[in-house]
Amino acid sequence: MIPAFTEPPLCHFWPFWVLELGPECSDIQVEKAAREITAKLALGVPGAADFQAVPGTLQRDEALVREARNLLLDPDQRLLAEFWYIDPGSRVPGADENLSSVDYWRQLLGLDA
Amino acid sequence: MTFLVLLSLILLLRLIGGSGPPGDERAVHDNYAIGMWVLAFVLFVILRAFQVPWPFIGIIGALVFIPSVVSLVFVRLGWVAPAYCLGRLAMMYFYRDPAAGAHYRGFQASQYIKDPHRRRRALTWLRNRFQGKRFKIYSGEMVMFVIIDAHLVRPGDEAFLARQLRCLKTVSKPSIPAPVSVLALKFALLPVLPGWNWRQIKSIAEQWDTPAYNLLAKFLFEAAWLRRENAPPSKMLRFLWLCNLRYYKLANTAIRRLNADDKIEARASRDALIAGLYTGHVEGEESQRSLAMRLLLNPGQGLLWRQRAQVLGVPNPDAAWQNLERTVLAHFRAHFRAGSSDHALDREADMNTWEERQKALGYLQSSIVTLQNSRQKVSGFEHFSIWMSLLTLLTDLKRDSGDDVLAFGSMSGSIWNWIAGLWNDHREYCLANFMARTCAPLARSLGHHEMYRRLNNDILNHGSR
Amino acid sequence: MTESRYLGIDLGTSNSAVAVFEGGRVRPVFDPMGDISTPSVVRVTPSGIVVGRKAQRKLFDDPENTFKEFKRLMGTNTLAGPDRNGQQWSPVELSAEVLKALKRSAEESCDATFDKVVVTLPALFELPQSHATANAARIAGFQGVELLPEPVASGLAAGWDQEEKGAWLVYDLGGGTFDVSLLESREGLLRVVGHDGDNFLGGRDIDRAMTEWVRQKLSDSYRLELDDGHGDFKPAIRHIQSAVEAAKIRLSTADSTLIELEFEYDGQEVALDQSISRHDLETLSQDIIQKTIHICQRLVKSKGLQPDQILKVVLVGGPAHMPMVGAQVEQHLAPIAKSDIDPMALVAEGAALYAATIGLACHGERESAKPRQSALWLQHPTVCSDLNPNLLGRVLDETMALTSIRATETQSGWQSDKVPIEDNLFVIELTIRAGQRNRFMLEGFDQRGNRVDIGEPGFEVTHGISMSDPPLSRSIGLALADGSTRRFIERGTPLPAKRTFVQHSAESLAPRGEGRLTIPIVQGERNKSRFCRQVGELVLTSSDIKRTVQVGAPIEITIEVDRGGDLKAQAFLMDQNVLIEGVAQLAMGDPSPESLRALCQSLAVRINNHFQAMFRERDEKMIARMEPLSQQIQLAQRALPELESDADSRLRIHRSLIEIEVELEQIENEDQIENLIEECQSRYVEVSYQVESQGDPTDRRLLQDLGARMGRATERGRQSEIEKVIEGLESLQASVHRKSPAFWKDAFDYWASFIGQAQNQRRARAIVSEGRQAIADNNMAKLESLTRELASLIPRKHLGGGQDPHDSGVY
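If you read the protein sequences in the order shown, they are chains A, B and C. Once you know that position 88 of the first sequence is 88 in our numbering, the rest is easy, because the numbers rise by one and skip nothing. Once you know that position 332 of the second sequence is 1332 in our numbering, the rest is easy, because the numbers rise by one and skip nothing. Once you know that position 523 of the third sequence is 2523 in our numbering, the rest is easy, because the numbers rise by one and skip nothing.
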């Protein structure tokens, strides 16, 4: 499921990340990427269900791929996705990478079992 | 002789726990646990009578008398039910509220369960223990209830749990066991630490700096206070730092951060800013909000994005740009709300949220009235969970529109009746006390002097009268 | 190599058609009579069921056993019949008979079996109607069913081989419904931008207007009064209807024609010829066509487009091909697109093309032997706009010594490289010829380069336009306890779609007992749930839970809709780890004639009252807004006699009455807000005076806050916000009043007025007499304690609940 992405906390499943495309891609590329990922998911290709995003590696399924495709084929939604696009490898800045991560602090405080 | 020993033991326990006046709930009401202690003592006498060797008695004694230590074994194994039961027996360790201790150990054990479904089932089991409880509700259990409930309702949402814990600001602290208060402090700090917002750290530390010697809270409070005074690390801070060697890295970073530049580091690039928004690590400061807004929504950007909209075949590029602006505002409203002092409801979306909250208040009010009128015996936890819903709504209203006083005014009568019913009929002194502490300032702001007087005299100062 | 075929069916109100996509192209299937379309008419004969033209011929001779236009009642519980065998027929069963007949035609034509199909339906069909259509297809023997909106299908068929880029409209005026879709083609991809329409507007409305015109003529010229509600005239009216329908078709080509009338009136044969000109027809259908043009313009505007941005309009449906429709469309919208596809088969062909693009293939061959199982599992597009699509495959038989694989196009001879197989998987980038059907064969090789037998691994890829997923016609959401709606899946969302939101329980539910908490699922665009149609519900009962569900408990609700009109929903009680699944797909209610008459009457009275008030106040702006409503209600009142006989009319009138009520309520609300603002301001002045004279600094501060709040609230004109300010002002007034000496006296009188309801009558009476004495003695302290005691003896009334007709238990 892809949530309405105007709701801030739910923006992890950004359509470009799901389809592993950049904002310069054409509609045909969107179609092709969606079709290929769906085929890979159907064939059970290892790693087909994973995609990279800013918060880390996330999971996708056929429904998510289809939603991402539909979003990118709609010019209004595509514009939004382009506006908010950043490279999935981007990280929050800071001298110490770890210091910005909640997981790091969770571990430090002993909240991680 | 044995009888005398037993009697003195019970008296001793009563003395430790005390049976103070209602409102001060430093009382040990766990008769079941007392029974277990007595049983253990009887066992010891019997073992001695049969001349069982000392080392063997020592092992049995360790097993029986140090349940808090033994329960840790089950915690590590992720066995929630045994950890919970032994936690309940750990009266020395959780002497302020052994029931909260039981939930604490159960919760700790649940965190060692790797499978998310099993963990969820374990948390549900723990949550159900509150429901089946025949005893009255005390502060420690309230804290544990909030922590367990949030893990069930919004798993992984640290900000939500921290907000819920903030609502417990007026809970009476003396009866919260130290480990529970430390756990609450950690969860409350979790969303704040990555950004090192000292103002918030200070207020959180202050909330959880209980008489239970929550040294971590004391340390952070001292650090935040020094920060405010712009003073170098004090001896007291060094001492507290030593006391918190277990949290060496955290304490060390805090001391390092004390000397860091106070200026908010501007998020230099657009990508970095968005990455922060995605991961939720954007500090809630007004100045940064305007900086970020300028970065994303300047006139030059507007022109570029309108052109791009045309290329993409968007029928109305102006409307598309307005839509983009809306999403930016939505992101920023969510991330900077905590630091915002702007109470004006100037957006349609805010107004809808406000209306939803008013509706929710209406339903809660009607449920409170129904609860009071129903003849069915309802456990303290049900009252507490409704009170938490109400409190969350009032807190949200205060934060978003400064409307908590007005909202409270529309239902103050029902709330007063509710508090009075809890105090008089259900004898839920701790919960009533917590509610009264929250409502008193609201009643005063509203000019309800009579209610304010009654809350103070009849409930809050009951013990001293 | 097994031939894949794709079946598409246009299940129309008057006529249906079927088309097959095979060998890279689509073709219509002719029925046994040699016609491209089959009338959607079913007749029960002593020897069995007859569908199509044969059945249509007996429509007037054997009306009891012959059924038509049942599609308009899809999704309702209305039953037709009983027929000669005493059996009653539901619209689903009748539609299934039509689909069976079409399936038979297609199977005979292709000498193959079909078990999957794309069936089209009007774009604005609601979920119960869509669900009923899918059910009919399943009864007809199809295992895989996908639904597609008719205008999308016709758009796909019309745009299949066109290169033009841009936005265009599909104007579909059928017998009973009108649909319009805005489509956009770009980079070989057809996208549905949006659609609109009217489920109860179609060619039949023109027929109805013509019938009415003929009756009027008969009455004026020959004094023949044919009363609609009179049973004796039914055959005569049916005859007139059939004659005007034929005349309407003739007027498409001729300037004038004769309506030949032959019927029995008062036991005598009447034979008359009534001439009618194209001009008469244009005058009669002017309003209906204007309404359709208005809907098209509304759609174009709602998507932010200017009318000149529309490249062309594709006309679909019999009535749409009336010359005057074309002329009006060209005048107000855009040029008509020329197409060589038979308009009667356009929708069915679009459905077959869509079946191909989504890979809904039927492989069954009737007589030939089953093909040998292939050793490969292939994933490739059947139709695509990309000239270099990828083929992905998995080797199913892992014992095979396959190391590489190669694809060859059989006609052009194009060959891929030998692609290595890793982990039993391979990817080949194909090259296909533009606008052509491409057949590929695969060859497998072992490590030494020797060919390996891999069964019959051939496949086809056709280059053509591909389509985005079809959109949801009306928003789906929840009816909330306060009577509002929360939209989950917005109109236009591509299907299938699934959304999850967290709502909260508005009432508590205890684990024991008979309690239930209902979560109604509704469809429609209105903010008030009573104007939306309930399409399902989730029910949480006491037996489902272990602990009490408190007011405010979070419930995570998920709604899922697929392309087959199936609605699934689940509610998850987050704090109890309890999941409730399943949803009852409710039928569309058939409103009773009495309830419709009453609704019509009450609306007419309300409109009339408003008119009177507005005339008194000379409010010309509001009069102008109210005028169309008055006209609409008069139209509805005129149509009331049709209610008894015709379920379709009942649905149509119900819909139009709801539209009138919505508009009326909006006008009333605006009026109410003005009154509220007035009340708020006068209350503020009143309270300011009291605070000045009796209030303390806290009261003054509160008044100041409320003043600021009032300013904002009146500026925005939000009713709930203004009401809250009034509530605040009242509370402040009460608080100030409480500080005055008169307060306890008033409070005492107030509670004393409820003495009859006191729990302890004797004590209550004693308190009242003591209180009177205290007032006489001016002992306010005593009066206060007496009043408190008296108040505690009066039972509290429960607060009022919501106003949700669906009895929702969530907010």
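In case anyone wonders, no lab produced these hints; they're calculated from the structure. Careful: at least some of the hints might be erroneous.
Straight-line C-alpha distance at most 16 Å; calculated EDC-like pairs for lysine to aspartate or glutamate [unchecked claim]:
no.	chain 1	residue 1	chain 2	residue 2
1	B	1249	A	50
2	C	2498	C	2469
3	B	1114	A	112
4	B	1359	C	2482
5	C	2498	A	61
6	B	1359	C	2423
7	C	2528	B	1355
8	C	2739	B	1450
9	C	2498	A	103
10	A	40	C	2429
11	C	2546	B	1382
12	C	2303	C	2490
13	C	2301	B	1318
14	B	1359	C	2723
15	A	40	C	2423
16	A	40	C	2422
17	B	1398	C	2429
18	C	2303	B	1318
19	C	2528	B	1356
Small disclaimer: the values here were computed from a predicted structure and weren't measured.
Hints and how they fare:
Of the supplied pair hints, the one linking residue 1249 (chain B) and residue 50 (chain A) is violated, its CA atoms being roughly 33 Å apart against a limit of 16 Å. Between residue 2498 (chain C) and residue 2469 (chain C), the direct Cα distance comes to roughly 14 Å. Compliance with the 16 Å bound is thereby established for this hinted pair. With a C-alpha separation of about 11 Å, the suggested pairing of residue 1114 (chain B) with residue 112 (chain A) holds against the 16 Å cut-off. About 8 Å separates the Cα atoms of residue 1359 (chain B) and residue 2482 (chain C), which keeps this hinted pair within 16 Å; it holds.
Between residue 2498 (chain C) and residue 61 (chain A) the CA atoms are separated by roughly 13 Å; this keeps the pair inside 16 Å, and the hint holds. For the hint pairing residue 1359 (chain B) with residue 2423 (chain C), the CA-to-CA distance comes to about 58 Å; that exceeds 16 Å, so the pair is violated. Proximity of residue 2528 (chain C) to residue 1355 (chain B) is assessed by CA-CA distance (about 15 Å); at most 16 Å being required, the pair is judged to hold. Between residue 2739 (chain C) and residue 1450 (chain B) the alpha-carbon distance is near 10 Å, which keeps this suggested pair within the 16 Å criterion.
A threshold of 16 Å between alpha carbons decides the hint, and for residue 2498 (chain C) with residue 103 (chain A) the separation of about 30 Å lies outside it, so the pair is violated. Distance restraint check for residue 40 (chain A) and residue 2429 (chain C): the Cα-Cα separation of roughly 15 Å lies within the 16 Å cut-off, and the hinted pair is therefore satisfied. A distance of roughly 14 Å separates the Cα atoms of residue 2546 (chain C) and residue 1382 (chain B); the hinted pair therefore holds under the 16 Å criterion. Proposed proximity of residue 2303 (chain C) and residue 2490 (chain C) is supported: the alpha carbons are some 15 Å apart, at most 16 Å.
A distance of roughly 15 Å separates the Cα atoms of residue 2301 (chain C) and residue 1318 (chain B); the hinted pair therefore holds under the 16 Å criterion. For the proposed pair residue 1359 (chain B) and residue 2723 (chain C), the alpha carbon gap of about 12 Å is at most 16 Å, so the pair holds. Distance restraint check for residue 40 (chain A) and residue 2423 (chain C): the Cα-Cα separation of roughly 13 Å lies within the 16 Å cut-off, and the hinted pair is therefore satisfied. Restraint check for residue 40 (chain A) and residue 2422 (chain C): satisfied, since their Cα atoms lie roughly 14 Å apart, inside the 16 Å limit.
A distance of roughly 60 Å separates the Cα atoms of residue 1398 (chain B) and residue 2429 (chain C); the hinted pair therefore is violated under the 16 Å criterion. The suggested pairing of residue 2303 (chain C) with residue 1318 (chain B) holds, with an alpha-carbon distance near 13 Å, which does not exceed 16 Å. At most 16 Å may separate the alpha-carbon atoms for a hinted pair to count; residue 2528 (chain C) and residue 1356 (chain B) meet this at roughly 15 Å.
Violated hints, in rising order: 1, 6, 9, 17; the structure is consistent with all others.
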